[in-house]
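Please work from the sequences and hints to get the whole structure.
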Amino acid sequence: MAEAETGLDARRKRLIFRAWHRGTRETDLILGRFADAHVAEFSDADMADFERLLDVPDPDIFVWVTGAGPVPKEDVSPVVERLIAFHHQVR
Numbered sequence: 001m002a003e004a005e006t007g008l009d010a011r012r013k014r015l016i017f018r019a020w021h022r023g024t025r026e027t028d029l030i031l032g033r034f035a036d037a038h039v040a041e042f043s044d045a046d047m048a049d050f051e052r053l054l055d056v057p058d059p060d061i062f063v064w065v066t067g068a069g070p071v072p073k074e075d076v077s078p079v080v081e082r083l084i085a086f087h088h089q090v091r
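If you're matching positions, the sequence shown starts at 1 in the UniProt record's numbering and goes up one per residue.
It is possible that part of the hints are untrue.
Claimed, not checked - Derived CB-CB ranges, DEER-like:
#1 A68 <-> L8: 11 to 21 Å
#2 L54 <-> Q89: 19 to 29 Å
#3 G67 <-> A10: 18 to 28 Å
#4 G67 <-> D9: 31 to 41 Å
Quick caveat, the hints were computed from the structure, so don't treat them as lab data.
Please read these numbers as outputs of a predicted model, since none were measured by experiment.
Note that the Cβ used here is the ideal one computed from N, Cα and C, for glycine as well.
Below is the structure:
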C-alpha cells in the first residue's frame with residue numbers, strides 16, 4: 001500500500017488503485033499521480049466525478065490532458081478540469 005493511502009477509507013483506496021491500474025502506462029501515470037495528490041481531499045461529488053472519469057477510455061483521457069483534443073461537453077467536470085491543470089503544473 002502506498003504511503004498516500006494510509007488512513008483512507010475503502011472507496012478512496014479503491015479509486016487510487018483503479019487510477020494506477022488502467023492498462024496503459026501513460027494514463028496510469030496521469031491518473032495515478034493525480035489520485036495520490038487529491039483523492040484524500042475529494043468530496044463525495046468529486047469522488048463520483050472521478051469514478052465516472054475512470055470509466056473513460058485511456059486514449060480519450062490522454063488526448064484531453066495533453067491538449068490534443070477538447071473534452072466533450074458531457075465529460076467536463078471540476079475533477080477533469082483539476083486533472084488537466086494538475087498535469088500541466090507537474091510536467
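Status of each hint after checking the structure:
1. A68 <-> L8: 11 to 21 Å: 32 Å, violated
2. L54 <-> Q89: 19 to 29 Å: Hint holds: Cβ distance 21 Å, inside 19 to 29 Å.
3. G67 <-> A10: 18 to 28 Å: Given range 18 to 28 Å: violated, Cβ gap about 34 Å.
4. G67 <-> D9: 31 to 41 Å: Once the Cβ atoms are compared, 34 Å apart, the range 31 to 41 Å for D9 and G67 holds.
Checked against the numbered hints given earlier, this structure breaks hints 1, 3; the rest are met.
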